[in-house]
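Please put together the full structure from these sequences, using the hints given.
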Amino acid sequence: MIRFEPRSNPGPLLVYGVPVLAATIAILLAAIPLALAGAPIIEAYGLMISGAFGSVFSTSEMLTRATPLILTGLAAAIAFRAKLWNIGAEGQLYMGAMASVAVGSGVIDGPSWVMIPVVIIAGMIAGALMLIGPTLLKTRLGVDEVVTTLLLNFIVLLFVQMMLEGALKDPMSMGWPQSEPIIDSAAFPALLERMRVHIGLLIALVSAIALAIFVKRTVWGFEIRAVGENAAAARFSGISVTKTMILVAALSGGLAGLAGVSEVAGTRGYLATDLSPGYGYAGIVVAMLARLSPIGVIASALFVASVFVGADSMSRAIGVSSYLADLIVAMALLCVLIGGFLTRFRVHFDRKSAQG
Amino acid sequence: MEIIDILLAASFWEAAIRIATPLIFGVLGALICERAGVLNLGIEGVFTAGAMAGWMAVWLGAGLWGGVLVAALAGGFFGLIHAILTVPLGLSQHVSGIGVTLLATSLSYFTYRTALPDVSSPPRIEPFRPLDIPFLSDLPFIGQALFSQTAMTMLALVLVFVTGWVLYRTPLGLAIRAVGDNPSSVEAQGLSVYGLRIGAVVVGSSLMALGGAFLTMSAFDAFFFGMINGRGWVCIALTVFASWRPGKALIGALLFGAFDAFQVRLQTEVGAFLPSQVFLMMPYILSIIALIVVARKADYPKALLVPWFKGQR
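Line by line, the protein sequences give chains H and Y.
Residue numbering for the first sequence follows my numbering, beginning at 1 and increasing consecutively.
Residue numbering for the second sequence follows my numbering, beginning at 357 and increasing consecutively.
Any given hint might turn out to be false.
Only pairs whose alpha carbons sit at most 25 Å apart, straight line, appear in this in silico DMTMM-like list of lysine to aspartate or glutamate [unchecked claim]:
1) K666(Y) with E543(Y)
2) K243(H) with E229(H)
3) K658(Y) with E543(Y)
4) K658(Y) with D184(H)
5) K169(H) with D109(H)
6) K666(Y) with D109(H)
7) K83(H) with E229(H)
8) K653(Y) with D537(Y)
9) K83(H) with D537(Y)
10) K169(H) with D274(H)
11) K83(H) with D655(Y)
12) K604(Y) with E543(Y)
13) K169(H) with D184(H)
14) K666(Y) with D537(Y)
15) K666(Y) with E229(H)
Pairwise CB distance ranges, derived in the manner of DEER restraints [unchecked claim]:
16) M510(Y) with F222(H): 22 to 30 Å
17) A190(H) with K653(Y): 53 to 61 Å
18) S548(Y) with A35(H): 33 to 41 Å
19) L36(H) with K658(Y): 41 to 49 Å
In case anyone wonders, no lab produced these hints; they're calculated from the structure.
Just so it is clear, CB atoms sit at the ideal spot from N, CA and C, and this is done for glycine as well.
Quick look at the structure:
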C-alpha cells in the first residue's frame, strides 16, 4: 500500500527545488522522442542550448519570446490564485492586440509618451472586458468559466479574422488579412540596436514586481488569496467574493491583453491571425511552473521561452519536428504538477494496508 | 421558402447526423468521466490523439477496426495519465486536463511530423464506406439520412444506449454515479473509489478518442493539423447541456449537428450579406448560450472537481 502523509511545513529547498527538478526531468524525458526520431541526442541538446543562449542574437530572440509569456503567465497566476479558471488568455491577448491596433495605427497621433500609454491602456481594457463577461456569468448565473473562456478563444480568433478582412484590413497588404502597421510613435522602442527585444520586456518585468507587491502587501491582494483559499470563509469574514472576482478578472484579462499589445507594438508591428503561437495556453504552464508566484513567473517564462527558441533552432539544424518544444513544455507542466504534490505530501510505502 | 426546403432535404439530416457523430462519442466520454466526479479537459488532446493514432494505424496497414481499437487505446492511455494525476494524487482537474491536452496534441503532431517529415499533402487512407443495408437503406428519407451513414455512426448510436443502460440499469452504473456524488458512501460499501474513478476516466477517454478517429477514418480520409478545432471543448459544454444524461447527450449533439449543417446551407443563401466568420462562430456562441440557459438548473455531480482521499469521511 502507498500512503500519503501531509507535510506540515515544506522547506524552501523543496518549494524552490521541485519546479527546477520538474523542468529538468521534462527536458531529459524529451530524449525519448528525440531518440525515436533518430536524432543524435547530445548534439541535439547542445544545439538547443546554443539556440537560446549561444549569441546576443539568440538571447535577444529568447527574451522577445519570454515577454508575452511573462504577461500571460502573470494573467494565469493571478486568476488561478483566486480559483478563477481563466483558460481564455489567448482570446484576451488577441482582443488586446486588436484594440491597440484600432487606436494605434494612425487614427490618432501624438508623441511617444502619449501614444504608448494609449495603446497599452486600450489593449488592457479590451483584455479585461473579455474576462469580466465570463466572470459575471460565473458569479451571477453559475456558468462554468472554464468552458466559456475556452470557447471565447475561438470566437475572438474568428472575430479578428473578420475584422482583418474588413474594418481593420490594411489596403496596402496586397490581399493578406493583416492590419495596418502601428505608427512609429506608438511602437515599443527596441532595447538593443538591431535586435528584436523591446521595452515590452521591461514592462513585463515591472508588471511582475508590481503584481507581487500587490498580492503580498495590499488588502486587495489579501482578499484575492482569501477567496482563492476558501470562498465560503472569505464571504463569512465580510469579503465580497463577486467584487474580488471582478478585480481578479480585470487584472488577469488586462495582463493577457497587454501581452497582445506588446506583441503588436513591440515584436510584430501589425496584427495578423498568427500573432500568437498559443502564448495564452503556454501562460498556464508558466504560471504552474512558477507555483503561481509573480516573481517565479519571470524565471519560468525564461525557461519556457528558451525551450521554444532552443528547440526551434535545433529542429532547423537536424530536421526534428519543432513540435518537440510543445512536447517538452507539456511534460514540464505534468511533472511540476506531480512535484507540487510531493512538496505537500510525504509518500510512504507500507506492507500492510493502512487506513486513516 | 428556402429554409423549409433545407430542413426537408434528406441530405441535410444526413449531414446533421454525420456532424453529430464525433460529438456523440465525445459527450458520452465526457459524461462518463464527470459522472464519476472527474472533469476531463484533456478531451481536445484526446480527440487529436484518437484522430492521429487511428489514421496512422490504418495507414501503416491495420484494418479499419484495428485503427478504431488503436485510437481507443491511445485515448485510454492519456485518460490514465489524467486519472492518476487527479484521482489518487487529487491534483487540480483543470490544470491536469489542460496539461493532457497539450501533451496529447503535441505528441500527436510530433509523431505525425516524425513519420512524415516532408509531405505537404497528407497521405490518404481508404475510410469507412457508407453502409448499404438491404431494405433499410432503401427507405425513403430515413434510409438516406440514417442508414447510409458509416458503421462508426451506428456504433456511436448503439453506445448511447449501452452507456444509458450501464449507468442506470447495472450495479456498476450505480457505483459510478455514486462515486461522482458521494464517494464516501461508495467506500462504505467496500468498493474502491479510486478504481471506479480511474476506470471511468480511462473508458470515457477511450470513447472521446473514437470521436477523433471518426474524423480521420470516416468523415475524412487523412489527418490535418488543427482538424479538431475546438470540437472537444464543445463536447464539454454539451455535457452540461445534457445534464449528464446519455439520451439528452444524443439530442444535444443532433441539435448541434443540425444547426451546423443548417448554417452551412444558409450561408450559401445569405452569404453575400454576412461574413463567413459569423457563421463559423455560431457553434461556439450556441454552446455558450446553451450553458447560460441550463446553468441555473444544472445538476452537477456533487463530487465533481472534489478530490477524495482514502479513509476520508
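Tested hints:
Pair hint K666(Y) plus E543(Y) holds up; C-alpha atoms about 8 Å apart against a cutoff of 25 Å. For the hint pairing K243(H) with E229(H), the CA-to-CA distance comes to about 16 Å; that is within 25 Å, so the pair holds. Distance hint between K658(Y) and E543(Y) is fulfilled; the C-alpha atoms sit about 16 Å from each other, no more than 25 Å. This hinted pair does not check out: K658(Y) and D184(H) have alpha carbons roughly 55 Å apart, beyond 25 Å.
With a C-alpha separation of about 19 Å, the suggested pairing of K169(H) with D109(H) holds against the 25 Å cut-off. For the hint pairing K666(Y) with D109(H), the CA-to-CA distance comes to about 64 Å; that exceeds 25 Å, so the pair is violated. For the proposed pair K83(H) and E229(H), the alpha carbon gap of about 8 Å is at most 25 Å, so the pair holds. At most 25 Å may separate the alpha-carbon atoms for a hinted pair to count; K653(Y) and D537(Y) meet this at roughly 16 Å.
For the suggested pair K83(H) and D537(Y), the alpha carbons sit about 22 Å apart, so the restraint of at most 25 Å is met. For the suggested pair K169(H) and D274(H), the alpha carbons sit about 15 Å apart, so the restraint of at most 25 Å is met. Using a Cα cut-off of 25 Å, the hinted pair K83(H) and D655(Y) holds, with the two alpha carbons roughly 21 Å apart. Distance check on the hinted pair: K604(Y) and E543(Y) sit about 30 Å apart at the alpha-carbon level, beyond 25 Å; violated.
Simply put, K169(H) and D184(H) have alpha-carbon atoms about 18 Å apart, close enough for the 25 Å limit, and the pair holds. A distance of roughly 16 Å separates the Cα atoms of K666(Y) and D537(Y); the hinted pair therefore holds under the 25 Å criterion. The straight-line distance between the Cα atoms of K666(Y) and E229(H) is roughly 22 Å, inside the 25 Å bound, and the hint therefore holds. Checked against the hint of 22 to 30 Å, the pair M510(Y) and F222(H) fails, with Cβ atoms roughly 58 Å apart.
The hint said 53 to 61 Å for the Cβ distance between A190(H) and K653(Y), and at roughly 55 Å that hint holds. At about 37 Å, the beta-carbon gap between S548(Y) and A35(H) stays in the expected band of 33 to 41 Å. Range check, L36(H) to K658(Y): Cβ separation about 44 Å, and the 41 to 49 Å hint holds.
Against the hints set out earlier in the document, violations occur for numbers 4, 6, 12, 16.
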